[in-house]
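Enquirer: From first to last, the protein sequence lines are chains G and V. Okay, so the first sequence: first residue is 0 according to numbering that gives the first Met the number 0, each after it adds one. Okay, so the second sequence: first residue is 0 according to numbering that gives the first Met the number 0, each after it adds one.
Mixed in with the good hints there might be a few duds.
What the hints assert, rightly or not - Cross-link-like lysine-lysine pairs, in silico, DSS-like; alpha carbons within 25 Å at most:
#: 1; chain 1: V; residue 1: Lys19; chain 2: G; residue 2: Lys17
#: 2; chain 1: V; residue 1: Lys148; chain 2: V; residue 2: Lys210
#: 3; chain 1: V; residue 1: Lys148; chain 2: G; residue 2: Lys17
#: 4; chain 1: V; residue 1: Lys19; chain 2: G; residue 2: Lys19
By construction, these hints were calculated from the structure, which means they are not laboratory data.
This is what each chain is made of:
2 protein chains.
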Amino acid sequence: MEIVERISELRKIVAGEKKKGARIALVPTMGYLHRGHLTLVKQAKQDGNYVVMSIFVNPLQFGPNEDFARYPRDLERDAKLAEEAGVDLIFHPSVEEMYPQQNRTTVQVSELGDALCGLSRPTHFRGVTTVVSKLFHIVQPDRAYFGQKDFQQYLIIRQMVRDLNFPLEVIPVPIVREEDGLALSSRNVFLAPEQRQEAVVLSKSLIEAEKLIKQGERRVDRIEAYIRNKITQESSGEIDYVEVRSAENLVKPEVINESVVIALAVKFGTTRLIDNCIVEV
Amino acid sequence: MEIVERISELRKIVAGEKKKGARIALVPTMGYLHRGHLTLVKQAKQDGNYVVMSIFVNPLQFGPNEDFARYPRDLERDAKLAEEAGVDLIFHPSVEEMYPQQNRTTVQVSELGDALCGLSRPTHFRGVTTVVSKLFHIVQPDRAYFGQKDFQQYLIIRQMVRDLNFPLEVIPVPIVREEDGLALSSRNVFLAPEQRQEAVVLSKSLIEAEKLIKQGERRVDRIEAYIRNKITQESSGEIDYVEVRSAENLVKPEVINESVVIALAVKFGTTRLIDNCIVEV
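Please build the complete structure, drawing on both the sequences and the hints.
Expert: Below, the structure written as structure tokens:
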């Protein structure tokens, strides 16, 4: 496995692999890998690709009061895990390599990015779509793999790829969880032990809400209220949002008569966690 | 020469050419070709490329009160001219092919697009950068050719390509003019005979302004006033703007001590013409 910091070098290697007939997969990450990322890699490997993993903590997608500076980083550990999982090449550019001059160009997806995480993080998705566009142009993958934990991000990237005709396939990969149900996240390391225990309420409330829908509940407000109550009663978590939305376009349904995503964001101290669950009806 | 309307077909043909080792050039146009467009083609051909010309009148870059509906179209004539000039393939998609679903994604370049044509056409450049991004992803050219008549557009595209790491080269081609100096434009056909005669004042005033700078005039307001006066006195044209700007980034200089573009837009009746001149100092 190679680790490359320069765009020009990355391009040369990828072009060589393409010439040999390889299909290129991109797994974009911000590093500090966990089993969620590694599942993306394994999926990409299983699909027969040459797997490029980007590790780049992208300043553009952090708000001014967010955790860009303290976002966890550990390249040595990441490289070991990535290699074991089957990554062929890590692309690990510096901020200067990615943004050598003042960046004036942004890629923006309207509507899909306005709700949910877009409300408390108004410039976040613009930062994501812009850096993902750059990575797509740098790596020129045939396929790109995104985890469904960031379900809104996945929908936005899918929309961007369709709207702008990016010549690649976006592949979603299901959430990976700890044994007790907590969705894996690089930010979990920030949780104090009590918070870590309390945070299990997120996945638990999603599972119970799913059960309610499967049992016939169709009222959006009932589902949302159920989850809110449970989180408030069983944890110190501060709710950012709990929302039932169309799993296709994030529009809020009148009643639940299509596949929906139940999505939530909750803060434990300064650590903001997200989770979601797709319910087919 | 082939004419292709479908994205999938275009991609197949281009992939085949690439496999044979061809370098792909894109000449994006809105059709109704004139010698300006054909000069782009000849340049692209001379550089040894397989030349794809797109002909697409892009609704996204026209404002609600602009001339999208009446923009001149004549594919048969265009095809003949394109073939003679050396185009290998015309990509002529329908609006539905380019925008099959509601388009939610836009690509936007800040600052460069705010002045000059961006003032009277506030959504124009966003429409241009978005459709050009789409065309870049569809055709995947190695090089793309843009005329310098739309100098602001050229700078914006160049900035977009740099910022987003599009894997291609943007090549500017000088303005082509009628014998009396009028810059070629598909919109020239809308000029009444008197307007056509009057419109020569645009290039004349640019030439004289260039001469003033070469003779030592360094005051921006003097140059702009000179051109405004000349146009007002010698024509019925209604000035949209006359501006001296940095040829690198369109910032207005205090005094002229770097290469500048003198750019102008003037309306003759309902027909808006643009022209410009780069002056190296």
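Enquirer: Run every hint past the structure and note whether it holds.
Expert: Each hint tested on the structure:
1. V/Lys19 with G/Lys17: 14 Å, holds
2. V/Lys148 with V/Lys210: Within the cut-off at roughly 20 Å; holds.
3. V/Lys148 with G/Lys17: Violated. V/Lys148 to G/Lys17 sits at ~38 Å, over the 25 Å cutoff.
4. V/Lys19 with G/Lys19: 15 Å, holds
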